[in-house]
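Going down the list, the protein sequences come from chains V and G. Numbers -5 to 246, taken from the working numbering, label the letters of the first sequence in order. Numbers 8 to 680, taken from the working numbering, label the letters of the second sequence in order.
Keep in mind the hints are simulated off the structure, nothing from the lab. Worth double-checking, as some hints may not be accurate.
As the list claims (entries may be wrong) - Below, in silico cross-link-like pairs of lysine-lysine (DSS-like), each with a Cα-Cα straight-line distance of 30 angstroms or less: (1) G:K547 x G:K421; (2) G:K358 x G:K551; (3) V:K10 x G:K551; (4) G:K543 x V:K5; (5) G:K358 x V:K5; (6) G:K192 x V:K137; (7) G:K429 x G:K358.
Residue strings, one per chain:
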Amino acid sequence: MKKGLLNFTLKIWRQKNNKEKGKFKTYRINNISPDSSFLEMLDVLNNKILYSKKEYPISFDHDCREGICGMCSLYINGRAHGPDNLVTTCQLHMRRFHDEETIYIEPWRAKPFPVIKDLVVDRSSFDRIIISGGFISVNTFGKTVDGNMIPIPKEDADKAFDAATCIGCGACVAVCKNRSAMLFVSAKVSQFSFLPQGQIERKNRVLNMVKKMDEEGFGSCTNTKSCEIECPKGISTEYISLLNKEYIFSLT
Amino acid sequence: MLKLNSKIPSGELSQKWTNHKSTLKLVSPNNRSKIEIIVIGTGLSGGSTCASLAELGYKVKVFCYQDSPRRAHSVAAQGGINASKNYKGDNDSVYQLFYDTIKGGDYRSREANVYRLAEISSNIIDQCVAQGVPFARDYAGYLENRSFGGTKVSRTFYAKGQTGQQLLLGCYSAMSRQIGKGRIKMYNRHEMLDLVVIEGAARGIIARNLISGEIERHTAHAVIIASGGYGNVFFLSTNAMGANASAIWKVHKKGGFFANPCYTQIHPTCIPVHGNYQSKLTLMSESLRNDGRIWVPKKIEDAISIRNGTKSPEDLLEEEKDYYLERRYPSFGNLVPRDVASRAAKERCDKGLGIENNEEKEGVFLDFSYSIKQYGIEKANELGIKNPTFVEIKKLGESVMESKYGNLFHMYEKITNKNPYKNPMKIYPAVHYTMGGLWVDYNLMSSIKGCYVIGEANFSDHGANRLGASALMQGLADGYFILPYTIADYLSQYVVHKKNISTKHIEFDNSEKNVKDRIKRFLHNNGDFSVDFFHKELGKIMWKYVGMSRNHKGLSESIERIQELRDEFWKNIYVPGKKNDGFNSELEKAERVADFLELGELIAMDALNRKESCGSHFREEYQTKEGEALRDDIHYKYISVWEYQKEKLLSEEIMHKENLSFNFVKLQSRSYK
Chain V
-5 MKKGLLNFTL
5 KIWRQKNNKE
15 KGKFKTYRIN
25 NISPDSSFLE
35 MLDVLNNKIL
45 YSKKEYPISF
55 DHDCREGICG
65 MCSLYINGRA
75 HGPDNLVTTC
85 QLHMRRFHDE
95 ETIYIEPWRA
105 KPFPVIKDLV
115 VDRSSFDRII
125 ISGGFISVNT
135 FGKTVDGNMI
145 PIPKEDADKA
155 FDAATCIGCG
165 ACVAVCKNRS
175 AMLFVSAKVS
185 QFSFLPQGQI
195 ERKNRVLNMV
205 KKMDEEGFGS
215 CTNTKSCEIE
225 CPKGISTEYI
235 SLLNKEYIFS
245 LT
Chain G
8 MLKLNSKIPS
18 GELSQKWTNH
28 KSTLKLVSPN
38 NRSKIEIIVI
48 GTGLSGGSTC
58 ASLAELGYKV
68 KVFCYQDSPR
78 RAHSVAAQGG
88 INASKNYKGD
98 NDSVYQLFYD
108 TIKGGDYRSR
118 EANVYRLAEI
128 SSNIIDQCVA
138 QGVPFARDYA
148 GYLENRSFGG
158 TKVSRTFYAK
168 GQTGQQLLLG
178 CYSAMSRQIG
188 KGRIKMYNRH
198 EMLDLVVIEG
208 AARGIIARNL
218 ISGEIERHTA
228 HAVIIASGGY
238 GNVFFLSTNA
248 MGANASAIWK
258 VHKKGGFFAN
268 PCYTQIHPTC
278 IPVHGNYQSK
288 LTLMSESLRN
298 DGRIWVPKKI
308 EDAISIRNGT
318 KSPEDLLEEE
328 KDYYLERRYP
338 SFGNLVPRDV
348 ASRAAKERCD
358 KGLGIENNEE
368 KEGVFLDFSY
378 SIKQYGIEKA
388 NELGIKNPTF
398 VEIKKLGESV
408 MESKYGNLFH
418 MYEKITNKNP
428 YKNPMKIYPA
438 VHYTMGGLWV
448 DYNLMSSIKG
458 CYVIGEANFS
468 DHGANRLGAS
478 ALMQGLADGY
488 FILPYTIADY
498 LSQYVVHKKN
508 ISTKHIEFDN
518 SEKNVKDRIK
528 RFLHNNGDFS
538 VDFFHKELGK
548 IMWKYVGMSR
558 NHKGLSESIE
568 RIQELRDEFW
578 KNIYVPGKKN
588 DGFNSELEKA
598 ERVADFLELG
608 ELIAMDALNR
618 KESCGSHFRE
628 EYQTKEGEAL
638 RDDIHYKYIS
648 VWEYQKEKLL
658 SEEIMHKENL
668 SFNFVKLQSR
678 SYK
């Protein structure tokens, strides 16, 4: 079944490590099934590169390939996670591109996400933001009250859930002209501020997380809302407004 | 021969854990900060245990191969977590959950372990609620439940289709809090490549920094393996691409016994394979079976027409559809356990009734149109809409489905380009979870002193089959509530001896040398085939002969073929790169596949030994007239426990038996009819 197979020209960012400069390199790839995922297309290319024994395969981050672990990244034709809304790169399929298209593939470009190799970047700054306060300080010995003793209005629970769906992929930062991490931080802050359990540490949480976010070198939000458009989980910028409110409220 | 001591406490089932806890030795708070513990893996079991141990005051070093602990594959679990809360008043209890789990596991798990799991289950929910895990709530603000396969009650707690993610983020935040305090040191992008055993006890690991490529030595007073399952032996599975067996396999080769390797769960509701370039299978949550009816056409002609695209599922009349699960198992219907549902799908597809146009012509329908209609009518009644039109009903019904399974439907549409609100989903079974793993005693210690194994990496709680929503429960029970108590019993001896461990010990030298030699061998081999080539070949052998159904001839053949493939691998593998290159994904994969090529053989050996059918292990020679699994309790009521023989071939591993005794439940043949 040769029918419907696709051919592409790929311009891919190659960078040996964090010290050396990177550059785009051009590759051709033919006979790709429209049903294959973007990462499977890269697998096929890597296989070709590998067997040529002329250069190293392209390094890129990926793991679950189900759109949930947040490990895959890739800036594709100028968009984080590619041209579709509400998907991660691993859930992007080649049927979304047309035959003979030239596709540009780059790593997340943001100072707080230094490149490790090729398309792989270091996102541990996100972990450090969570470490600074993205939690409820309850010990884990199970001597807590019964779950139903803390009833939570369904609307609040749903809002907390919607905020909690953030997978920490970093697309919001990658797409933002200011390299702001406000969407990521606001999601975590909002999740806990909707829940009764999160009230005690509410002020300190937001102050600490915002402080850390600034220290890590992320920029500020100027309301372009590009993060909302590129977020694979559709996290709303309303949460950024909420973050601002929480922050101001905590300063008083 | 070593005697297996499972250390199961005596006494009444319901009192065992309580009594046992009171006999465990303690480490006083001022001594805990002097004790170092290594944890491998940051999923539900690894993450939760890190949090709990660090809270207690131990010094924890934790390793994961991903860039962040939040990415561990527990994150992908969709459906839910069980707990016997009886919030729904359907007469659920600790005993009911225990009984369902024992029966679901086809009477091949330990009674005492399973009871403890059921007992702890309620605690887990309360703990996670306190952490801010946003479980689904009803309009009164109380926790919601749904039902899963193999049970007749609603005891599954969930957060839409992302329960695993939310629970994982819960323990990731608990961990993060301790990292901030400096009690946990996190090593991301690190992989354990060997266990260091000194005088019979686990004293450290050799790890590779995946960015710099450096080989590192790490010491500890105890090592905890929480590295998950080994389903990627089959190449195509629902596991994350990086999920691997290396940690448990290294422990096995250092003296850790491997139990029940052949029990691999095949999950019934995955998206069917669609091409030979495919890297991964995607699961659709089992919870969908609550609202979906599974069917294939009754007539082969219809199946062919559907495969060719000349007929669509909507063209078939009601009487032309075969709801084979409802037909064969009237009392459980579409909610039979996973192994039963998977085999039933295979049986229909083997008969030529598969509906997916792929190479193997495998696939069945999961149809939501009935629930959409039913929910639509209910909703219309609720809203007081009189005589709603068909379109209105459908719209209302779809919005109810959206609120329950929205993200799953979205995921399905992205992958297949088909809208499951309009067309039935196509599904087929795929490798999902491994019930086997390293052998552990009641304290979760492996056969190596000081080496503990938790979560999917151990074998203990699921028997020959795992019911839905029980893996998350086990991971968190082990990590939050069991290990922190039992490990103190072992660690307390260090307070007396105060032995220091040094990375200068000869065992560290030896282990490091072996690791480095193997890497050198990979990089110098310069063969003709890629790692993926061998992995795919192994996967084909495993799926064909050691997959959903097995027989003597196929298993014997698979063993030979795996051995040949392994020889070929070491002769002909090509891994690019130099020793000091650092980041090298091909080398990472080569390390893992080399271990899969050994473990695959052990899985087949175990399946060959077990001349009965039980749970996920279906031997074609042993089945009832109706094609159901035929267990042999007289000869096989044991856990098969494999011991690696140093410097010998894998085929010379010795099998020990841990006999299972059932004192509190009666052994019955499992029926879901």
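Hint-by-hint comparison with the structure:
1. Using a Cα cut-off of 30 angstroms, the hinted pair K547 (chain G) and K421 (chain G) holds, with the two alpha carbons roughly 27 angstroms apart.
2. Annotation: proposed proximity of K358 (chain G) to K551 (chain G) holds, straight-line Cα distance about 17 angstroms (limit 30 angstroms).
3. At most 30 angstroms may separate the alpha-carbon atoms for a hinted pair to count; K10 (chain V) and K551 (chain G) exceed this at roughly 41 angstroms.
4. A threshold of 30 angstroms between alpha carbons decides the hint, and for K543 (chain G) with K5 (chain V) the separation of about 29 angstroms falls inside it, so the pair holds.
5. Taking the CA atoms of K358 (chain G) and K5 (chain V), the gap is about 47 angstroms. The hint is violated against a cut of 30 angstroms.
6. Only pairs whose Cα atoms come within 30 angstroms are accepted, and K192 (chain G) paired with K137 (chain V) is accepted, the gap being roughly 26 angstroms.
7. Taken as a hint, the K429 (chain G) and K358 (chain G) pair is honoured in the structure, with Cα atoms around 27 angstroms apart against an allowance of 30 angstroms.
Checked against the numbered hints above, the structure breaks hints 3 and 5 and satisfies the rest.
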